[in-house]
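Number of protein chains: 4
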Amino acid sequence: MSGLPRVTVWNENRHEQTDEEVAKIYPDGMHAPIANHLRNEGFEVRVATLDEPEHGLSEEVLQQTDVLTWWGHKAHREVKDEVVERIHRRVLDGMGLVVLHSGHYSKIFKKLMGTTGGLYWRTSGEKERIWVVNPAHPIAEGLGEYFEIPQEEMYGEPFGIPEPDSLVFISWFEGGEVFRSGCCYYRGKGKIFYFRPGEQIYPTYFHPKVLQVIKNAAAWASPTDGITDRSASKGEIDPYKIDLINRPESIKWNQTE
Amino acid sequence: MSGLPRVTVWNENRHEQTDEEVAKIYPDGMHAPIANHLRNEGFEVRVATLDEPEHGLSEEVLQQTDVLTWWGHKAHREVKDEVVERIHRRVLDGMGLVVLHSGHYSKIFKKLMGTTGGLYWRTSGEKERIWVVNPAHPIAEGLGEYFEIPQEEMYGEPFGIPEPDSLVFISWFEGGEVFRSGCCYYRGKGKIFYFRPGEQIYPTYFHPKVLQVIKNAAAWASPTDGITDRSASKGEIDPYKIDLINRPESIKWNQTE
Amino acid sequence: MSGLPRVTVWNENRHEQTDEEVAKIYPDGMHAPIANHLRNEGFEVRVATLDEPEHGLSEEVLQQTDVLTWWGHKAHREVKDEVVERIHRRVLDGMGLVVLHSGHYSKIFKKLMGTTGGLYWRTSGEKERIWVVNPAHPIAEGLGEYFEIPQEEMYGEPFGIPEPDSLVFISWFEGGEVFRSGCCYYRGKGKIFYFRPGEQIYPTYFHPKVLQVIKNAAAWASPTDGITDRSASKGEIDPYKIDLINRPESIKWNQTE
Amino acid sequence: MSGLPRVTVWNENRHEQTDEEVAKIYPDGMHAPIANHLRNEGFEVRVATLDEPEHGLSEEVLQQTDVLTWWGHKAHREVKDEVVERIHRRVLDGMGLVVLHSGHYSKIFKKLMGTTGGLYWRTSGEKERIWVVNPAHPIAEGLGEYFEIPQEEMYGEPFGIPEPDSLVFISWFEGGEVFRSGCCYYRGKGKIFYFRPGEQIYPTYFHPKVLQVIKNAAAWASPTDGITDRSASKGEIDPYKIDLINRPESIKWNQTE
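Protein chains in written order, with my numbering: chain C, 1 to 257; chain Z, 1 to 257; chain U, 1 to 257; chain R, 1 to 257.
Read the hints as simulated data drawn from the structure, not as lab findings.
Note that the structure is predicted; figures quoted are calculated from it, not measured.
Do not take every clue at face value.
You can't tell identical chains apart in this list, so a pair holds if it fits in one copy or across any two.
Calculated cross-link-like contacts (lysine-lysine; reagent style DSSO-like; alpha-carbon spacing at most 30 Å) [unchecked claim]:
#1 K127 - K74
#2 K111 - K74
#3 K127 - K209
#4 K209 - K24
#5 K80 - K110
#6 K74 - K110
#7 K127 - K110
Please build the complete structure, drawing on both the sequences and the hints.
Written as structure tokens, this is what we have:
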């Protein structure tokens, strides 16, 4: 892929409407600092939220999205299954997905992982220290050996995920827990990154290192080779077209998607 | 786990009823040679098929199953979602799952993988040569460097699966394809093995090396440490119980499953 | 492999001779509680130490060893290269290797990993909490979600190792660090497990859960399928013998070891 | 890293001097088409060969190298150990390494892998079909589902390598073998890619898809975050510098490289 990806920053955007404490921290929504940072870094950015029609994620929007970031929390159940299916298909076709914090329990993440996404948690303003365990990985760029978030919610192991294809970060929490907090996955033609921090009652998405990670992740998750546009096939889904070069004519190929 | 696992051999068992050619090869069903072999090897074996009530996979049966093997093909859609949910839960709780051949496209495999399970295929009686690429893995026991199946259906890459946690076999096909034909996955407390061969029109499940692999896989996929029995919790699912040792009392732990 | 493996418990055994504090904790050497536990669990166990001829690891001993455990610390440099070569070869031929604590910096571990084995460390009697992050793995058997060692040396990331083929444990330390403390590797026909705890000034190798892990690891690392005995080939090493079945005679196979 | 990496294309360059057949195909050396292609793609490229002083890989050259490509075959033994050590250190510090074809058996590759690098081989001009099994990986960009090389040497499994951190390609050969022909590894701060094709008697390095892979690999293996320059530390190697923020002063950190 040439050029920086087109990113759609998706946010549930409910806490910001109903919880004064959150609204003070994120007056323009939690998506705002993320979207602003990515724009400043040269990405083409749009924002979408739960309460828009189709959650702001129509077929048309997805077709113009190379990487989707996802923050959801208390309204996972309200996300429509047909939109989840649409995103799932798009990821397998090549779109990147960056799942943030409580998105571990979103429908789309659980569908892509095949596991519960379960974990332990405690909200008591503990310090989180995020250690880089794969310094060679592009998502570790510019972070040094670790960085700290002064106050965050704790997420603890066991985390109900497949073993990551690359594990980039492990978090340490004051209270005695660890967490695989930066996890890379390949699925179909798409790349997925789960990144732990981001409880709404802390100003985590203004933290420079957190924003750096999200930027690195958006760049890494960018499609390798364009995105297969299966929506355009009008029902006749034939995602894999292959030439039968140099074969006996009597041998035919079939394809199960 | 001490002792050999209790295995339930599940078979769609339709081709055997409707297709004379298949019935000749497998007069007692495709499950029969698999079940017989595992019994001879000392496993405790039961058989279950699609057309039994609840597909033979009631809550009670699953509670007595340490490892489930799965062969399905033309009736994937008929498998009830509630049974799929039950198996999915049981796998995450520790039950092993050995998915055979066209089971790549079963509901349970796709749900656990999060991907399409798609592949290329061609049924023209080609030779398949199965290479062992991880000779250290227990599933490779007793196989040597490769083994051959004189006539099989071809399955070809790209195969729509997550990158295996261990890749044990790669198949070579006469017509020009390769396939990741022995794939290990950890999911929750459970272990999953996908094994490629087994088209119904060939006597593949009488092949000694194929039976050896299924036996090896059943042993490997056996629960590590018992199976969490969440069915018994009657709605109050609290799978992770943890002591709050050495902590301030004001710090509580919560758990999202 | 049938039957429990023959284990050789190797210990540098120097601190026990020169450091009174250590000698009090381990009057019979640090190898003693490990060897005793494995014997009690039914393994066939022998002990070998640095100051024996050939470090107690002659060709003959290795030929009778299915799994080798390794504890070394201050005398890594004294281990002879020819013995390291012998062990390296034996591991690739199928022998299991369980590397304990400061063995992260042994010649054999670095040779097998290809990396520095570097890490941070601090000896100040901190609590270590070891979290199980792959509860499906056989090495996690019987441990629950985590266990604690009241006082241990700290080892911290970044740890100079290849990304493990399976990561089973992550340690949390009071002072603010995390560590990948249970790491599985496949190399050739052999299996390797690195396990972090075991600083000589603490009675770690009497900790029941630590002993449980070592036992689990020895069982897991046991050879899958016998061990190729290349020492017997008298110089003509031809480890991979393969039949040229079903091929044109004009096509020959060659082999580079 | 911003900007394209500085690539040093290393070639043994002996066959070209002594074998007429090879000289006809590669009159300017096998490095020439690789270097030319990378230059055309905008990389800053230099060439180094075995018979130059220090094999053309002085400390100074390595300090100006972000990615090194390596083709060696019949003179592996002549590569000086001190140069191998230098490259090894540089890779762990962040330099990318792209190992080509018979480089599987080079000192540097075996040292980084910890395994034999062994394989089967046969030179009989067979067709190789290279299948992309991880279409999401950047190294798969622009290749489609597979590509073919009309005549190549066969390399067959078992291949004596660690399980790749990502497996991108699997090769199919006419004679009945498969091979993991595109293998990614993270080691320290460095990234390594092994790519199979390139026997000297075929014009493989003029094949557009082969050149595309080498370009993709050079971009992927580019350092994430600069390269730690340990050569500059004049003996006092202290690669990991870390602040002791927010800790009791009595707790000190130590570091073993």
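Item to complete: Go through the numbered hints given earlier and state which of them the structure violates, listing their numbers in rising order.
Response: Of the numbered hints given earlier, the structure breaks none, since each of them holds.
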